[in-house]
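Chemist: Protein sequences, first through last, are from chains A and R. Residue numbers are given in numbering that gives the first Met the number 0: position 30 of the first sequence equals residue 29, and the series is strictly consecutive. Residue numbers are given in numbering that gives the first Met the number 0: position 5 of the second sequence equals residue 4, and the series is strictly consecutive.
Hints are computed from structural coordinates only; laboratory data are not their basis. Since the model is a prediction, treat every value here as computed from it, not as a measurement. Do not rely on the hints blindly, as some may be mistaken.
A few chain R residues that don't get close to chain A, going by computed Cβ distances all over 10 angstroms [as the list claims (entries may be wrong)]:
1. D6
2. T43
3. E83
4. I100
5. K102
6. D108
7. E110
8. K118
Restricting the straight-line Cα-Cα distance to at most 35 angstroms, the calculated cross-link-like pairs of lysine-lysine (DSBU-like) are [what the hints assert, rightly or not]:
9. R:K10 to A:K8
10. A:K53 to A:K97
11. R:K10 to A:K28
12. A:K28 to R:K141
13. R:K63 to A:K4
14. R:K130 to A:K66
15. R:K59 to R:K94
16. A:K97 to R:K59
17. R:K143 to A:K8
18. A:K66 to A:K4
19. A:K4 to R:K143
20. A:K75 to R:K10
21. A:K28 to R:K94
22. A:K8 to R:K63
23. A:K28 to R:K130
24. A:K30 to R:K52
25. A:K97 to R:K10
26. R:K130 to R:K120
27. A:K28 to R:K52
28. R:K59 to A:K30
29. R:K130 to A:K97
30. A:K4 to R:K59
31. A:K4 to R:K52
32. R:K10 to R:K52
33. A:K53 to R:K143
34. A:K8 to R:K52
35. A:K4 to R:K10
36. A:K66 to R:K10
Where is the CB? At the ideal position from N, CA and C, for every residue including glycine.
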Amino acid sequence: MSTIKIRSKRLDDYTLVRTLIAHPMETGKRKNEETGELVPAHFIQTLTFAHNNKVMSECQMGFGVSKNPFFSFRLKSAQAGDTVTISWHDNLGYHERKEHIIQ
Amino acid sequence: MRSTRRDFINKMLILAGYTISLSISKLSAANWLASDFRHQAINTTLAELFPDKTLQTSDKIHLKLPRTAENGSVVPITITSSIENIDTVYILSEKNPVPLIAKFSLNPDLETFIGARFKMKETCDVIVIVKAEEQYYQTRQKVKVTLGGCGG
Chain A
0 MSTIKIRSKR LDDYTLVRTL IAHPMETGKR KNEETGELVP AHFIQTLTFA HNNKVMSECQ
60 MGFGVSKNPF FSFRLKSAQA GDTVTISWHD NLGYHERKEH IIQ
Chain R
0 MRSTRRDFIN KMLILAGYTI SLSISKLSAA NWLASDFRHQ AINTTLAELF PDKTLQTSDK
60 IHLKLPRTAE NGSVVPITIT SSIENIDTVY ILSEKNPVPL IAKFSLNPDL ETFIGARFKM
120 KETCDVIVIV KAEEQYYQTR QKVKVTLGGC GG
């Protein structure tokens with residue numbers, strides 16, 4: 000099960016790309032309610048958004064981004080059949096990449 | 000003779016180690032800078048991110064933010080701007096333990112538009128700074144937070 004969901008919508012002036020990533024985005028400050036221990040920091044550090052393998056946006060983030068991060072971008076011109084790719088890396092070395100074809 | 004060979008091998012090892020560490024540090028620098036995301040006050044972060052830069056206040060950056068966020072752990076933001084050639088966008092929350100929330104690079108093929116969701120610890124200003132043609136522009140908007148969303 001991929002953690003990344005991508006949705007796109009072609010509109011007259013632009014193509015809207017929205018992405019939702021399932022990730023805890025732990026700050027490292029939160030305590031486990033049962034044990035009282037601190038939950039270690041676990042958050043996405045970099046996210047890359049590419050259109051037809053061309054990098055459109057690189058995002059660096061801290062744990063100030065909400066749990067299950069959501070981002071949206073607007074591509075100026077995109078055709079049906081184009082691919083968009085979202086990939087992320089977190090501070091514990093996990094990473095994931097997903098491709099999506101614009102309808 | 001023996002000492003020269005030993006020296007040579009030592010040098011080789013040092014050199015190899017040096018190159019490896021250099022390439023690793025370069026890689027991590029390109030990816031994520033821990034120094035950008037330090038626990039510190041907003042003024043320190045601003046001074047470190049934009050040393051000797053003038054942050055011009057601009058009304059050409061439009062933020063769509065809630066006036067009141069009932070839950071500080073999910074604050075939606077939409078940024079649009081009519082400034083041309085923006086290549087980098089920074090989102091900061093004034094009173095968060097780590098003020099810098101995210102930094103986006105923008106390709107010219109993207110519209111100047113970013114939607115995201117972030118956490119806010121308490122009521123404060125959200126500052127958005129954009130970089131266009133080596134000029135920096137900023138705008139800020141206050142968001143009232145009913146329930147803080149950092150830590151727990």
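Chemist: Please go over all the hints and tell whether each is borne out by the structure.
Modeler: Structure-based check of each hint:
no.	hint	verdict
1	D6	holds, 38 angstroms
2	T43	holds, 15 angstroms
3	E83	holds, 13 angstroms
4	I100	violated, 4 angstroms
5	K102	violated, 5 angstroms
6	D108	violated, 5 angstroms
7	E110	violated, 4 angstroms
8	K118	violated, 5 angstroms
9	R:K10 to A:K8	violated, 58 angstroms
10	A:K53 to A:K97	holds, 14 angstroms
11	R:K10 to A:K28	violated, 45 angstroms
12	A:K28 to R:K141	holds, 25 angstroms
13	R:K63 to A:K4	holds, 23 angstroms
14	R:K130 to A:K66	holds, 27 angstroms
15	R:K59 to R:K94	holds, 24 angstroms
16	A:K97 to R:K59	holds, 34 angstroms
17	R:K143 to A:K8	holds, 32 angstroms
18	A:K66 to A:K4	holds, 14 angstroms
19	A:K4 to R:K143	holds, 30 angstroms
20	A:K75 to R:K10	violated, 53 angstroms
21	A:K28 to R:K94	holds, 16 angstroms
22	A:K8 to R:K63	holds, 21 angstroms
23	A:K28 to R:K130	holds, 32 angstroms
24	A:K30 to R:K52	violated, 39 angstroms
25	A:K97 to R:K10	violated, 44 angstroms
26	R:K130 to R:K120	holds, 26 angstroms
27	A:K28 to R:K52	holds, 33 angstroms
28	R:K59 to A:K30	violated, 41 angstroms
29	R:K130 to A:K97	holds, 29 angstroms
30	A:K4 to R:K59	holds, 32 angstroms
31	A:K4 to R:K52	violated, 38 angstroms
32	R:K10 to R:K52	violated, 43 angstroms
33	A:K53 to R:K143	violated, 39 angstroms
34	A:K8 to R:K52	violated, 38 angstroms
35	A:K4 to R:K10	violated, 50 angstroms
36	A:K66 to R:K10	violated, 48 angstroms
Hints 4, 5, 6, 7, 8, 9, 11, 20, 24, 25, 28, 31, 32, 33, 34, 35, 36 from the list above are not met by this structure, while the remaining hints are.
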